[in-house]
Every structure is written in C-alpha cells, then in structure tokens.
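Colleague: Sequence:
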Amino acid sequence: MQETKLWINGQWEAAERTYDLASPYSGEIIAKVAKANVQDVERAIEGAHEAFQSFKKMAAYDRAEILYNVVTIMRERKQELAEILAKEAAKPISAGLVEIDRTIATYQFSAEATKQSTGETVPMDAAPGVTDRLGYTKRVPLGVISAITPFNFPFNLVAHKVGPAVAAGNTIVLKPATQTPLSALVLAEIFKEAGLPDGCLQIVTGSGGELGDILVTHPLIKKVTFTGSGAVGLKMKEKVGLRRITLELGSNAAVIVEPSTPLEKMIPRAVSGAFNFAGQVCISLQRIYVHQSIYDEFVEKFVAETKKLRLGDPMNSETDVSAMIHPHEVERIKSWIEDAKAKGAVVATGAEFTERTLTPTVMTHVTADMRIVCEETFAPIVSIVSYETLDEAISLVNDTELGLNVGIYTNVLTDAMRAADELEAGAVIINDIPTFRVDHMPYGGVKMSGYGKEGIKYALEEMTHLKFITMKTVF
Numbered sequence: 001m002q003e004t005k006l007w008i009n010g011q012w013e014a015a016e017r018t019y020d021l022a023s024p025y026s027g028e029i030i031a032k033v034a035k036a037n038v039q040d041v042e043r044a045i046e047g048a049h050e051a052f053q054s055f056k057k058m059a060a061y062d063r064a065e066i067l068y069n070v071v072t073i074m075r076e077r078k079q080e081l082a083e084i085l086a087k088e089a090a091k092p093i094s095a096g097l098v099e100i101d102r103t104i105a106t107y108q109f110s111a112e113a114t115k116q117s118t119g120e121t122v123p124m125d126a127a128p129g130v131t132d133r134l135g136y137t138k139r140v141p142l143g144v145i146s147a148i149t150p151f152n153f154p155f156n157l158v159a160h161k162v163g164p165a166v167a168a169g170n171t172i173v174l175k176p177a178t179q180t181p182l183s184a185l186v187l188a189e190i191f192k193e194a195g196l197p198d199g200c201l202q203i204v205t206g207s208g209g210e211l212g213d214i215l216v217t218h219p220l221i222k223k224v225t226f227t228g229s230g231a232v233g234l235k236m237k238e239k240v241g242l243r244r245i246t247l248e249l250g251s252n253a254a255v256i257v258e259p260s261t262p263l264e265k266m267i268p269r270a271v272s273g274a275f276n277f278a279g280q281v282c283i284s285l286q287r288i289y290v291h292q293s294i295y296d297e298f299v300e301k302f303v304a305e306t307k308k309l310r311l312g313d314p315m316n317s318e319t320d321v322s323a324m325i326h327p328h329e330v331e332r333i334k335s336w337i338e339d340a341k342a343k344g345a346v347v348a349t350g351a352e353f354t355e356r357t358l359t360p361t362v363m364t365h366v367t368a369d370m371r372i373v374c375e376e377t378f379a380p381i382v383s384i385v386s387y388e389t390l391d392e393a394i395s396l397v398n399d400t401e402l403g404l405n406v407g408i409y410t411n412v413l414t415d416a417m418r419a420a421d422e423l424e425a426g427a428v429i430i431n432d433i434p435t436f437r438v439d440h441m442p443y444g445g446v447k448m449s450g451y452g453k454e455g456i457k458y459a460l461e462e463m464t465h466l467k468f469i470t471m472k473t474v475f
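If you read the sequence shown in full-length UniProt numbering, its first letter stands for residue 1, the second for the next number, and so on.
Take these hints with a grain of salt, some might be off.
Claimed, not checked - EDC-like, lysine to aspartate or glutamate: derived pairs with alpha carbons at most 20 Å apart:
(1) LYS341 / GLU352
(2) LYS447 / ASP369
(3) LYS447 / ASP399
(4) LYS5 / GLU210
(5) LYS447 / GLU388
(6) LYS115 / GLU461
(7) LYS334 / GLU318
(8) LYS307 / GLU352
(9) LYS341 / ASP391
(10) LYS308 / GLU352
(11) LYS343 / GLU375
(12) LYS5 / GLU42
(13) LYS78 / GLU210
(14) LYS307 / ASP296
(15) LYS192 / GLU13
Claimed, not checked - Simulated restraints, written as ranges between beta carbons of each label pair:
(16) LYS237 / HIS326: 22 to 28 Å
(17) LYS237 / ASP391: 30 to 36 Å
(18) LEU220 / ASP20: 29 to 35 Å
These are computed hints drawn from the structure, not numbers from a lab. Every value quoted in this text rests on a predicted model; they were computed, and no experiment measured them. Built from N, CA and C at the ideal position, the CB exists for glycine as well.
Please work from the sequences and hints to get the whole structure.
Modeller: See the structure below:
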C-alpha cells in the first residue's frame with residue numbers, strides 16, 4: 001500500500017498523522033495519506049516566501065522552460081497519470097486520458113503566457129503642464145499564492161492554478177482535495193525533474209476544514225485561489241481581507257434547444273455533457289430547456305442515447321460512467337430524487353442505485369423549486385423541461401442564484417445574439433453545450449458561481465500586480 005508524505009521545501013517530510021484513502025469504486029484502501037497540521041502549513045508558507053525572493057528574479061525564458069519541461073514529462077507519463085485518476089477518483093480511464101491531454105495543454109498555454117506578460121506606456125504629457133516624463137507599467141508577481149483544489153479534475157484544475165502562478169513568478173502552496181491527493185503529489189516529482197527551484201511548489205495534504213483558515217489568513221499569503229463549494233468560498237471571501245482571491249464555485253448549467261436544432265448531432269453531445277465523470281463537473285449539463293414543438297421527440301431520443309452508456313470499473317476502457325466520489329454523495333442525490341418524485345417529477349430512465357453508483361438519470365415533469373433543478377446536483381442526473389417562447393426559456397435559465405456557463409442551440413442569428421446579451425452567466429456557448437471549455441478561454445461565473453476569472457491569460461493577470469513607473473527625463 002502506498003504511503004505518502006508532505007512536499008515541503010523540495011523534499012518529502014513525514015506527517016505526524018495519516019488518513020486512509022479509499023477507492024470510490026471498490027471501497028478498498030489504496031493509500032495512507034499524510035495529514036498535515038497547521039504547523040506544517042506554516043512551514044510550507046514560510047518556505048514558499050523565502051523561495052519567492054529569488055524566484056521572482058528568474059527570467060521569463062527560464063520559467064517558461066520549466067513549464068515546457070513539465071509538458072514533456074507529462075506526455076511521457078500520460079498513461080500512468082490517467083491510471084492515478086481512475087484509482088483515486090473513479091474517473092473512467094478514457095476520460096482520464098482526456099484530462100491529461102487538457103492538463104498538458106494548460107501547462108503549454110502557461111509556458112507561452114510567461115513570455116507574453118506585457119505592460120504599456122502612459123502618455124504623461126496628456127496632462128497639462130507635464131513634460132519631460134516617461135511613464136510605463138509592468139506586471140510583477142504577488143508572492144505566495146495558496147491554492148485549494150477539488151476532486152473532479154485533480155490534474156487540470158491544479159494546472160490552472162500552478163501553471164499561471166509559475167508563469168508569473170509566484171510561489172505556491174497547494175492543498176489538494178482530500179480524496180485526490182495522489183495526483184497532486186506526483187506533480188512534486190514532475191516539477192522537481194522539470195527544474196522548478198525548491199520551495200516554489202509546496203504540497204500539503206489533509207483536511208480542508210482544519211487547514212483552510214491558515215491558507216487564507218496567513219500574512220505571507222498574497223492571493224488565494226479556490227475551486228469548490230459556494231458555502232466554503234463565501235467564508236473565504238469574508239476572511240481574505242485585502243488579499244486577492246479567485247473563487248470558482250458551483251453551477252447548474254443549462255442549455256436552450258430551439259426547434260432548428262439538429263437533434264441527431266446535438267443529443268449525443270448533450271448526453272456526454274450531462275453524464276461525463278458521473279456529472280461531477282462544475283459545468284455538467286443539468287437543465288435542458290426544449291421547445292415544446294420538439295419536446296417529445298427530444299426526450300425519446302435523449303433517453304435512448306442515455307441508455308447506451310456503460311456503468312462500470314473506471315480502469316475498463318469501455319466504461320462511460322463509474323462510481324460517484326463517495327457513498328454519502330450517492331445518498332444525498334438519492335434523497336433529492338425521492339423528494340422530486342414526491343413533488344411530481346418523473347424518472348424517464350435511470351435512478352438505480354448501489355452504495356457507490358447511480359445509473360445515468362433523466363427526469364421530466366420537474367419544477368424550478370426542486371433541488372435537482374435549482375441547486376447543483378454534482379451527480380449523473382439531468383432534467384428536461386419544455387417551453388413555449390425564447391423569452392420564457394431565457395427566464396427559466398436565469399431563474400437561479402448560479403451562473404457559470406449556459407448554452408443555446410439555434411440557427412437564428414438574432415435569437416443567438418439576444419440570448420448572448422440576456423443570459424446571466426460568465427459564458428454563453430452558442431450551438432454547443434455549456435460543458436464546453438478550452439483551457440485558454442476566460443472562465444468564471446457571475447452571481448453565486450464565483451469571483452474572478454481563470455483561463456491562463458486572465459489568471460496570470462489576477463496573479464500579478466500592475467506596477468506604474470515614471471521617470472523625469474530632463475533635470
């Protein structure tokens with residue numbers, strides 16, 4: 001059985017405590033994981049601060065080379081890394097390989113962005129009476145960044161924090177999700193081999209409830225970047241003070257399906273968006289609003305496509321959907337489904353449970369007050385609702401406290417542009433599902449879905465300070 005340690009100042013350190021890591025699919029214990037305490041995290045933060053004093057002076061070219069080296073190493077270890085995802089997160093191996101490809105792209109984008117961080121000149125003589133002065137801006141790193149990451153994309157969502165941090169010249173203290181520490185810890189080896197100086201990446205594993213406060217409030221932390229629940233994110237926002245913070249929180253992503261939609265192309269895409277990684281994706285397709293003229297046809301074809309999905313062992317390349325992350329998550333969504341049924345919702349397919357799994361589930365006859373509609377399910381479940389007019393559909397999509405990505409299918413340009421203007425979300429995806437994301441685009445929600453933006457260029461801006469310099473050119 002694997003036994004892990006903490007990664008502090010470029011070396012492995014044993015923790016006083018450990019916890020058992022269980023496979024979400026089988027329930028067997030797969031590792032004993034080091035459980036950091038507050039003192040461990042303090043040492044990691046202090047070490048990162050010390051490392052920053054020299055790392056901030058490293059040339060952009062050299063930082064980019066480190067990230068390019070990470071790309072090369074990850075390509076060589078791709079299968080191994082995907083198997084870690086299958087083991088600790090029950091992510092089907094086929095989906096795991098896709099995640100590793102995306103992670104490689106994220107580090108590639110980060111390497112390229114390292115050389116593209118620019119300032120601008122400021123025309124000082126635009127102000128009356130000001131002559132003989134040069135003014136310009138430059139972006140400078142903040143210092144130590146704390147990153148707290150979730151279980152659903154253990155490699156790529158870490159990359160979205162570590163990649164831009166390194167690109168900008170910051171150092172970082174990473175606290176991965178309790179369920180997915182192995183993927184984060186292997187990054188210690190990869191970055192060490194890639195040439196990252198000791199102390200620039202610290203990795204502490206353990207309880208978010210125990211370590212979260214110090215990662216947010218320590219005076220040496222200059223920025224917090226967090227992906228997780230809205231409740232936790234709000235508490236962090238209250239505690240962070242004048243430090244910077246980026247929050248990627250929940251969603252209940254929706255798509256509008258207009259009559260002009262080519263269903264034979266759209267439905268397989270939508271099924272994938274609803275059930276990939278058992279729906280445990282921030283922009284998983286959760287609500288589908290279908291024009292009443294095609295509603296019955298849509299439901300019939302969507303259910304038929306859903307029934308093709310194969311539930312099973314994540315290590316099997318034929319598996320489409322595997323276990324949810326923890327049995328208590330299965331119990332949670334089971335209670336939500338039962339509550340919806342009691343209020344009149346109908347199960348079109350699925351809703352078959354084991355201790356660790358839920359078959360892909362399609363619900364109809366739902367209402368906006370049901371938890372499976374108005375909250376984030378984070379489970380393999382999607383609701384299909386009919387509407388009469390586009391105005392009604394837009395109103396239904398917007399009737400939520402969340403707003404990350406939404407989508408609309410239509411071949412009417414004016415409708416597409418109206419939806420783009422009126423839908424309340426961080427991103428509007430036209431003629432595709434809201435689950436669409438490429439890793440250099442701006443990504444971040446409105447309302448209760450988040451604060452700030454990710455996407456390499458945008459994250460790098462939030463991880464740097466815009467410094468202004470002016471010089472009198474004539475004495």
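Colleague: Does the alpha-carbon distance linking LYS447 and GLU388 stay inside the 20 Å limit?
Modeller: violated, 26 Å
Colleague: Would the hint linking LYS5 and GLU210 be met if the CA-CA limit is 20 Å?
Modeller: Holds - the C-alpha atoms of GLU210 and LYS5 are around 18 Å apart, at most 20 Å.
Colleague: Take the C-alpha atoms of LYS447 and ASP399, compute the straight-line distance between them, and say whether it is at most 20 Å.
Modeller: holds, 11 Å
Colleague: Next pair to validate is LYS308 with GLU352; report whether the Cα-Cα distance is within 20 Å.
Modeller: holds, 15 Å
Colleague: Just to be careful, I want the Cα atoms of LYS192 and GLU13 compared with a cutoff of 20 Å; is the pair within it?
Modeller: holds, 15 Å
Colleague: Given the proposed pairing of LYS307 with GLU352, does the C-alpha separation stay at or below 20 Å?
Modeller: Answer holds: LYS307 to GLU352 is near 12 Å, not above 20 Å.
Colleague: With 29 to 35 Å as the target window, see if LEU220 and ASP20 comply at their CB atoms.
Modeller: For LEU220 and ASP20 the Cβ distance comes to about 32 Å; the hint holds.
Colleague: Given the hint that LYS343 pairs with GLU375, does the C-alpha gap stay at or below 20 Å?
Modeller: holds, 16 Å
Colleague: Between the alpha carbons of LYS334 and GLU318, is the straight-line distance 20 Å or under?
Modeller: violated, 26 Å
Colleague: Do the alpha carbons of LYS341 and ASP391 lie within 20 Å of each other, as the hint requires?
Modeller: violated, 28 Å
Colleague: Does the beta carbon distance between LYS237 and ASP391 stay inside 30 to 36 Å, or does it fall outside?
Modeller: holds, 34 Å
Colleague: Keeping to a limit of 20 Å between CA atoms, is the pair of LYS447 and ASP369 held or broken?
Modeller: It holds: about 18 Å lies between the C-alpha atoms, which stays within 20 Å.
Violation of the numbered hints given earlier is confined to hints 5, 7, 9, 13; the remaining hints are satisfied by the structure.
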